[in-house]
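J.: These are the residues of each chain, in order.
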Amino acid sequence: MISRADVDHVARLARLTLSDAEAERMREQLAAILAYINKLRELDVEGVEPTSHAVPLVNVFREDEVQPSLPREAMIANAPEPAGELFRVPRIIED
Amino acid sequence: MTTDLTRLTMHALAAAYRAGEATPSQATEAYLARIAALDTRVGGYLTVTAEAARAAARAADARLAARRPLGPLDGVPLALKDVFCTRGVTTTCGSRILEGFVPPYDATVAERLAAAGAVMLGKTNMDEFAMGSSTEHSAFKPTRNPWDLSRVPGGSSGGSAAAVAGDLAAAALGTDTGGSIRQPAAFCGTVGLKPTYGRVSRYGLIAFASSLDHPGPITKDVRDTALLLGAIAGHDPRDATSVPEPVPDYVAALDGSVAGLRLGVPREYFTEGLDPEIARAVREALEVLRGLGATTTEISLPTTDYGLAVYYIIAPAEASSNLARYDGVKYGLRVPGRDLIDMSSATRAAGFGAEVKRRIMLGTYVLSAGYYDAYYGRAQKVRTLVKRDFEQAFAAVDLIVAPTTPGVAFKHGEKEDPLAMYLNDVFTVPVDLAGIPAISVRGGFSATGLPIGLQLIAPAFEEARLLRAAHAYEQATPWLERRPELS
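Line by line, the protein sequences are chains A and B. Quick note on our numbering: the first sequence kicks off at 1 and runs consecutively. Quick note on our numbering: the second sequence kicks off at 1 and runs consecutively.
These are calculated hints, taken from the structure and not from any lab test. Only true hints are included.
Here are the simulated DSS-like cross-link-like pairs (lysine-lysine), alpha carbons at most 27 Å apart as the crow flies: (1) A:K39 to B:K387; (2) B:K411 to B:K141; (3) B:K415 to A:K39; (4) B:K381 to A:K39; (5) B:K141 to B:K330; (6) B:K415 to B:K141.
Just chain B, same shape as in the assembly (with noise of 0.2 Å):
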């Protein structure tokens, strides 16, 4: 057969699998050889197992063959963001600290998908330690957006969304601490999507912020979304936070009409800061979204403002503890010093980046003696608030719908100044604070050609409905239709 396979969704692919048309061995050959060709470019991948992805696509050969798969993900090919432990694979999480690290045992996710038969191509670039919105702050290199090698993919999955759009995996898994799987996603014009705190386990997830990580698919289309959200989430006992709520069939929920449906617009989402041409982009979906039964109102969400200034204490205040394990002795990096204090400085020093070093220094400064209530205390006040204008919301709507960031893919070294980095996230952190779950979808192209992420947000485990809407968006929409040219 002609067609490309790297070309195809989850879905697609899993499709030609059973009619026989191809087999995992093709499509995982047909991968590699890709990532081989293009990735040097795109600087999606960190590690690229391809002897294991190989052995792995020879099994699920075997199944298909047997016309016994394991099911929908049975020799996929996926790739998952270096953040997640993989037994007997490198996981940097993008720091030098980290550098050589190899888990003696798989994270939660990566379990489900081998259990699934998911072929796995290897681990993807991020910002260190998920801290980043341009995956310019990996230790290792940058990763380009496969729709202009010269801007950013977003962050801090960068590595996982440029890999998907540029067709270097069939789908990745990413993680969200303030918007890291949404905002890449937009960048490079995937489908990302955030679940309720709790709806993944993050067993095995190296933490950053662990009240805020949550991870969560990347894909091609809203139909993989669900395939791999069925796939990852549930509850795990190795996880005290993850949440004992029954899955729902995603998938079977994409068929549901959207008439009815009550969709709220937070004007506090469409601010001077917002590029008048996602603001067109995110009024005409609302267009498409009456056109297909729904209604729209527009609502407020008072704190939307705050959100960021909560992340900025609260986020850092948790990695500074959870970073506090890089010192020297049981992993990773050791530079000699001539005490253990010592000794855990100079690692530290070593083995951390500018924006990594910064985060702990600000993490320890708001948790320190005499500033604890003023920043830490107060942070955790306005995240109830936060929380409260959303419950607020959702009694009145059935689903939030907002732009996914301020502005499109921008410049590698375009954003130099931290908070000009940080303002990118102003309207995903909200989401993370409140724990509901978001996902981000192809909303159009902006006159030069670049992604628009559109951004649906649900009350906590509605991911069901979330997924309905987007499908029925992206059905309605001509989107998909773009890729971008990588050659």
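The shape of chain A in the complex, shown without the other chains (with noise of 0.2 Å):
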């Protein structure tokens, strides 16, 4: 059963800042879509391989040549804080 701890762990790890009682709420929902989950328990999965992909590519390479990619500026020009050619974003050394 998913605690309040693992809740809090979990939306650390996320990065959502989560009020108290969302955090209390989620756990509630978590718990029931987990149970529901769980039925999963009932089959045997010995030896099967596991899928990541419906379709069987594999090694999609293409020669390592230099192409073409978008300017700068159009990738900075979304940016909530742009800093000329760069993000800003909050310092994360300390003094």
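Make the complex out of the two chains shown on their own, each in a separate frame, by following the hints.
T.: Laid out in structure tokens, this is it:
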């Protein structure tokens, strides 16, 4: 059963700030969904290969050549806080 | 001429252009006028690109006048789900976190439609990040079903399906991850096709669950689906999962006979959760197909009942990874914070809606240390079993016939419980897990006058077979004669 501590831990991993009420509601809803999902335990999957993709394509390569890419200004244009050619973020290193 | 151009299918509109009975500008103006008059009530569009549409229509006018059209889609007014990046046109994916985002490039499907001369009318509403089955989870507004405005259009491509059903676009593109093309097509009485995984490029499609996302057409009839699929299908080097298979002439494939076609009817789809009216409609459809010379047999897809559980592990797991990019740095919303983690966490808390948060949490949980094998690893193995079910079935039958949804369109606010909402996709999800093509066509009406969806499922890359059978059924039934009363 998923605990409140699990919810808080997962919210930190997922970079989601949840209010107390939100976290409690999330715990209840995740518990219900996980209880449903647990029906997969009824099946025997011993020796079954996992499927990560429906179509068996492997190692799609192209020549290692420089190709045109989008201009830097176009990629910066949508940033909430651009700084010249860069993205500005809050300070991450202490003084 | 007096015909309302917005009522025409794409192929009828193209024929009218060729016969000189209408022009792309006239059709585009007719659609823009209808959108202006009615879309406040339907809510199909998030963005209407009127000026760009007029310019594209004028260019198509000139090509048609010179008798040099680019092809059968030249000058046809279409809509794109707001999940597709469109250069210079706001693309939100139904989310506050992307409010105001203007992509610097086009999705491959948008590029191909533009190259075919299609006129884009605008971007359609959707459940946020394509997570939902009702289009009630758009951050901006709900979409309403043109057949009954108190009901949902289905989702997540609800805006596209409602726009096509309400004659607010000649056709539209949607995406299907767990049923998001077929379920709204069923609820709105349109045709909706989910192609084989890799058949249509995902480049420029805002990712939800990368191993399950399929772009595809939503149209007024099967011939239009064949036309639109032909225009968007094919290999794209910019999508590494795009498959280099030749694209057949889907329109030419419509004319074959279905005599001798072996149809399988999965017994697991006729459970107590299925609305008896829908069960009856499917059985009547089988009768029609038998009358055309097809044979039917009962088959078994034993893992049907586990598909949804697999889906609700794999899709959220992939989503939790794909949506990590919305961190308040590169695009979209930013909420200030005292450090980088605080800024990202506050941005995501403010920018994502409840359903998206729930799936990110679920996906992060099933991938986290200690749970990976029990959930994600096991789900991937059961996905193999689901795929194997279909492979075994297709050893004995050519197509599978099933209901698209367990019920008809429900009322707004009727399914508040997330799990109740998820159960809508019980008949569509297994097909996404297997990556095989499926189509939903109009299969009749409920006593209350709501459309019922009939689903046909084919082996990988057999879209032509799917379209041929769907077309034969459509031609043999009167269902397309009815249209919703929107005025």
